[in-house]
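As you go down the protein sequences, you meet chains H and B in turn. Under the numbering used here, think of the first position of the first sequence as 1, with each following residue one higher. Under the numbering used here, think of the first position of the second sequence as 1001, with each following residue one higher.
Honestly, I wouldn't trust all of these hints.
[Claimed, not checked] Once the Cα atoms are required to be at most 30 Å apart in a straight line, the calculated DSS-like pairs of lysine-lysine come out as:
1) Lys-1015(B) <-> Lys-3(H)
2) Lys-1015(B) <-> Lys-52(H)
3) Lys-69(H) <-> Lys-1044(B)
4) Lys-1062(B) <-> Lys-1044(B)
5) Lys-3(H) <-> Lys-1071(B)
6) Lys-1011(B) <-> Lys-1044(B)
7) Lys-1044(B) <-> Lys-1015(B)
8) Lys-1083(B) <-> Lys-1044(B)
9) Lys-1062(B) <-> Lys-1015(B)
10) Lys-69(H) <-> Lys-3(H)
[Said to hold, decoys possible] With the Cβ distance kept under 7 Å, some of the chain H side facing chain B (calculated, not the full set):
11) Ser-9
12) Cys-12
13) Gln-42
If you are wondering where the hints come from, they were derived from the structure by calculation, not from laboratory data. Only a predicted model underlies this, so the values are computations on that prediction, with no experimental measurement involved. No residue lacks a Cβ here, since even glycine has one placed at the ideal position from N, Cα and C.
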Amino acid sequence: DAKTTQPPSMDCAEGRAANLPCNHSTISGNEYVYWYRQIHSQGPQYIIHGLKNNETNEMASLIITEDRKSSTLILPHATLRDTAVYYCIVRVPYNTDKLIFGTGTRLQVFP
Amino acid sequence: EAGVAQSPRYKIIEKRQSVAFWCNPISGHATLYWYQQILGQGPKLLIQFQNNGVVDDSQLPKDRFSAERLKGVDSTLKIQPAKLEDSAVYLCASGTNTDTQYFGPGTRLTVL
């Protein structure tokens, strides 16, 4: 079973920041938080991951609380192409273990 | 670099028929995964290969599903006979021992 909890859906206006929350209260000390997204009719796509420090790349920022029990994925300037289902996953890094997906958050970006 | 290729993209069959899906992973990726994604749910692992050996097939319904990865490159997933509940998207992914699994576009199967 997935070890994360996410809201089923969210809306965001184009150009505004999209903040997607994730709860992972049972995360272990050696587990990282990963985010993937799945655009309609495509396979999931890796976005970002982190352990405890805030992370940023060209796609998004990841904010992890100090107790590591929750995190927020931030898309700073959402576009219509960011409309997708976003999955938060916790796992031990640098291995080939399967990804365990929950039901994710369906983000709808509107004009 | 070329991504994970899958074919066909869509398939419609009647129940009790058989069907096969093909996957070509990213060159050099030793690990290959088949996931099943039922509408409204996240993907769920069916089988995982490391080179041409099976690592995890605990969630594969072995009475009707089979998969192989000859020569440690391409892979095929077969369903025989298909049931209505097998209607889903079948996703192939590949990776190495880094953090990222790369997914193909999937095959959407409809069983009538």
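Do the hints match the structure? See the list:
| no. | hint | result |
| --- | --- | --- |
| 1 | Lys-1015(B) <-> Lys-3(H) | violated, 35 Å |
| 2 | Lys-1015(B) <-> Lys-52(H) | violated, 48 Å |
| 3 | Lys-69(H) <-> Lys-1044(B) | holds, 24 Å |
| 4 | Lys-1062(B) <-> Lys-1044(B) | holds, 15 Å |
| 5 | Lys-3(H) <-> Lys-1071(B) | violated, 35 Å |
| 6 | Lys-1011(B) <-> Lys-1044(B) | holds, 20 Å |
| 7 | Lys-1044(B) <-> Lys-1015(B) | holds, 22 Å |
| 8 | Lys-1083(B) <-> Lys-1044(B) | holds, 18 Å |
| 9 | Lys-1062(B) <-> Lys-1015(B) | holds, 17 Å |
| 10 | Lys-69(H) <-> Lys-3(H) | holds, 11 Å |
| 11 | Ser-9 | violated, 12 Å |
| 12 | Cys-12 | violated, 21 Å |
| 13 | Gln-42 | holds, 6 Å |
Consistency note: the structure conflicts with the earlier hints numbered 1, 2, 5, 11, 12.
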